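In the order they appear, the protein sequences are chains A and B. Going by the numbering used here, the first sequence opens with residue 85, and the numbers climb by one from there. Going by the numbering used here, the second sequence opens with residue 85, and the numbers climb by one from there.
Be aware that a few hints might be false.
Just so you know, same-sequence chains aren't split out, so a pair can sit in one copy or run between any two.
As the list claims (entries may be wrong) - For lysine to any residue, the following SDA-like pairs were computed, each having C-alpha atoms within a straight-line distance of at most 20 Å:
{"#": "1", "residue 1": "Lys-208", "residue 2": "Gly-291"}
{"#": "2", "residue 1": "Lys-208", "residue 2": "Asp-307"}
{"#": "3", "residue 1": "Lys-208", "residue 2": "Phe-297"}
{"#": "4", "residue 1": "Lys-256", "residue 2": "Glu-237"}
{"#": "5", "residue 1": "Lys-208", "residue 2": "Arg-360"}
{"#": "6", "residue 1": "Lys-351", "residue 2": "Arg-319"}
{"#": "7", "residue 1": "Lys-208", "residue 2": "Arg-252"}
{"#": "8", "residue 1": "Lys-256", "residue 2": "Asp-285"}
{"#": "9", "residue 1": "Lys-256", "residue 2": "Met-242"}
{"#": "10", "residue 1": "Lys-351", "residue 2": "Glu-330"}
In case anyone wonders, no lab produced these hints; they're calculated from the structure. Just so it is clear, the structure is predicted and the values come from calculations on it, not from any experiment.
2 protein chains.
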Amino acid sequence: MMNPSIALIGLGLIGGSMAIALQGFENYEIVGVDRDPTTLSFARKHHVADRVTDDAETAVAQADLVFLCLHPRGIVDFMSAHRDGFRPGCLVTDVCGIKTAIVRGSSVLPDSVDFIGGHPMAGKETSGITHADGTLFHEAHYILTPRPTSTPEHLALMARIAAHIGCRDVVKTTVEQHDNIIAYTSQAMHIMAVAVCDDPDLFTCRGFEGGSFRDCTRVAALDVPLWTELFSMNRGALSTVIRHLEENLHAYRMVLESGDPAALAEKLAYSAARKRRMNLE
Amino acid sequence: MMNPSIALIGLGLIGGSMAIALQGFENYEIVGVDRDPTTLSFARKHHVADRVTDDAETAVAQADLVFLCLHPRGIVDFMSAHRDGFRPGCLVTDVCGIKTAIVRGSSVLPDSVDFIGGHPMAGKETSGITHADGTLFHEAHYILTPRPTSTPEHLALMARIAAHIGCRDVVKTTVEQHDNIIAYTSQAMHIMAVAVCDDPDLFTCRGFEGGSFRDCTRVAALDVPLWTELFSMNRGALSTVIRHLEENLHAYRMVLESGDPAALAEKLAYSAARKRRMNLE
Chain A
85 MMNPSIALIG LGLIGGSMAI ALQGFENYEI VGVDRDPTTL SFARKHHVAD RVTDDAETAV
145 AQADLVFLCL HPRGIVDFMS AHRDGFRPGC LVTDVCGIKT AIVRGSSVLP DSVDFIGGHP
205 MAGKETSGIT HADGTLFHEA HYILTPRPTS TPEHLALMAR IAAHIGCRDV VKTTVEQHDN
265 IIAYTSQAMH IMAVAVCDDP DLFTCRGFEG GSFRDCTRVA ALDVPLWTEL FSMNRGALST
325 VIRHLEENLH AYRMVLESGD PAALAEKLAY SAARKRRMNL E
Chain B
85 MMNPSIALIG LGLIGGSMAI ALQGFENYEI VGVDRDPTTL SFARKHHVAD RVTDDAETAV
145 AQADLVFLCL HPRGIVDFMS AHRDGFRPGC LVTDVCGIKT AIVRGSSVLP DSVDFIGGHP
205 MAGKETSGIT HADGTLFHEA HYILTPRPTS TPEHLALMAR IAAHIGCRDV VKTTVEQHDN
265 IIAYTSQAMH IMAVAVCDDP DLFTCRGFEG GSFRDCTRVA ALDVPLWTEL FSMNRGALST
325 VIRHLEENLH AYRMVLESGD PAALAEKLAY SAARKRRMNL E
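Bound conformation, chain A alone (with noise of 0.2 Å):
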């Protein structure tokens, strides 16, 4: 009997940084697909996963689980060529950064097919297989938005993923609220890291820089097609998010140009003390 295999669709940071933390996974066979001949040939050099491949076709029918490791887009045109390809009881998931019109394009997939949303909450300012890093999901949230008929063994299944490549904890959600809250958490970061740079002062400012610019910024060198999909397809909560960071601006800037210390320090101390509340809680 032949072990059960994953297979990985998409090997770019994140789908090769899940191969290489996947190996060793119980018996699983980790298989690793990708469509360029570089991407392939870094991977097998590096032995990202135990066996890669460029044929998505035979390594989909054969998984009992697979990985959508590609941008948006890429995963529901993905899934909807494919629909009638995936072997019958097998888990879909996938690792992108919005889950609204990735779960809603699952519907595609037949009956016999499960789908578990998923959004390990690791990455890196980099993209691409040459960054891989086996390491990368150490203590990430592991979010997972289940369907109602998604079955236990299936869950359990994914909890024993999260748990092998080093993730912090497994949080169950709906698409809903995932895509609400990541608009604050991780894409409103984005914004305001591209945000930053454009002020006019960037260049001028070498020589200046401190860990607290140095950590706001990072994220700034992005992805920009992968992004602009993510942005995109969070449009809405995105738009609500960042005018709350613009109004609060706002009134930092408001109460700092009323030249009233005691205004100002009573201010800083009601933001201060959530963020002690949030380190704490």
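Assemble chain B onto chain A, guided by the hints.
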């Protein structure tokens, strides 16, 4: 003949870290000065300096170099109170994140005392001697604002100190340029961090934080009295930078709400290229 000595006035996070980092610097005796008995006893127990004392007058009278490591107003007040107590020929410096008000305050010093404003660009989101860390300044920029009359010997001394404590480089500038740029690279990053924590969703987002959120809000649990002074004393420059940020965020929201992915991609590509250029040069 006695060894030369360096007196550190104020053994908080920065003064304590500087004292530890300075140990072993040439043949200087490192003298830590603080008024708080708990701080002094901690400093003595952990050998933060070669000698610790609450007698600022004697330490200042004997010191060849005095590091003022108090809050901004405390530095100005200390120079005023001890104006006639410094040893003729000595150098006074500080570690404060703003320079205009400090250097203006240094005008009370007699002509026999040199003053070079200093800002080692390092910090932590904590305060107090218990968090002092001798590696705090590793790879940091050390910014100096010398007087036109500052001696080459004193500038060379500061450069050797910067090297001893592990700084990346020494950057010389004017007080005005320092305060304008620091409003952007440090102060505005702190305002953004607290503004992010004012979002109504802060406490519902637990389980959904990734690296970008942790990085961007790291400094939000700030020392309120210290930062109230720093922000207030640089109100004009900081207000301008916050306004730019509001405008840049607003511009991103407008292109997002327009629903034009090509325009969003173009804007993201512009900002990301600026960040990459900043990283490379």
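Taking the hints in turn, this is what the structure says about them:
With identical chains, the CA atoms of Lys-208 and Gly-291 are at most 20 Å apart between copies only, with a shortest distance of 19 Å across copies and 24 Å within one. When the C-alpha separation of Lys-208 and Asp-307 is checked against a cutoff of 20 Å, the pair qualifies only within one copy, where the shortest distance is 10 Å, while the shortest distance between copies is 30 Å. Taking identical chains as interchangeable, the C-alpha atoms of Lys-208 and Phe-297 lie at most 20 Å apart whether they share a chain (17 Å) or sit on different chains (13 Å). In this assembly of identical chains, the alpha carbons of Lys-256 and Glu-237 lie at most 20 Å apart only when taken from the same copy (15 Å versus 64 Å across copies).
In this assembly of identical chains, the alpha carbons of Lys-208 and Arg-360 lie at most 20 Å apart only when taken from different copies (14 Å versus 26 Å within one copy). Taking the shortest Cα distances, Lys-351 and Arg-319 sit within 20 Å of each other only across copies (15 Å), while inside one copy they are farther apart (30 Å). Taking CA atoms no more than 20 Å apart as the test, Lys-208 paired with Arg-252 passes inside one copy only; the shortest distance there is 18 Å, against 25 Å between copies. Taking the shortest Cα distances, Lys-256 and Asp-285 sit within 20 Å of each other only across copies (18 Å), while inside one copy they are farther apart (43 Å).
In this assembly of identical chains, the alpha carbons of Lys-256 and Met-242 lie at most 20 Å apart only when taken from the same copy (11 Å versus 55 Å across copies). For the identical chains of this complex, Lys-351 and Glu-330 are neighbours both inside a copy (16 Å) and across copies (18 Å), given an alpha-carbon limit of 20 Å.
Consistency with the previously given hints is maintained throughout, with no hint failing.
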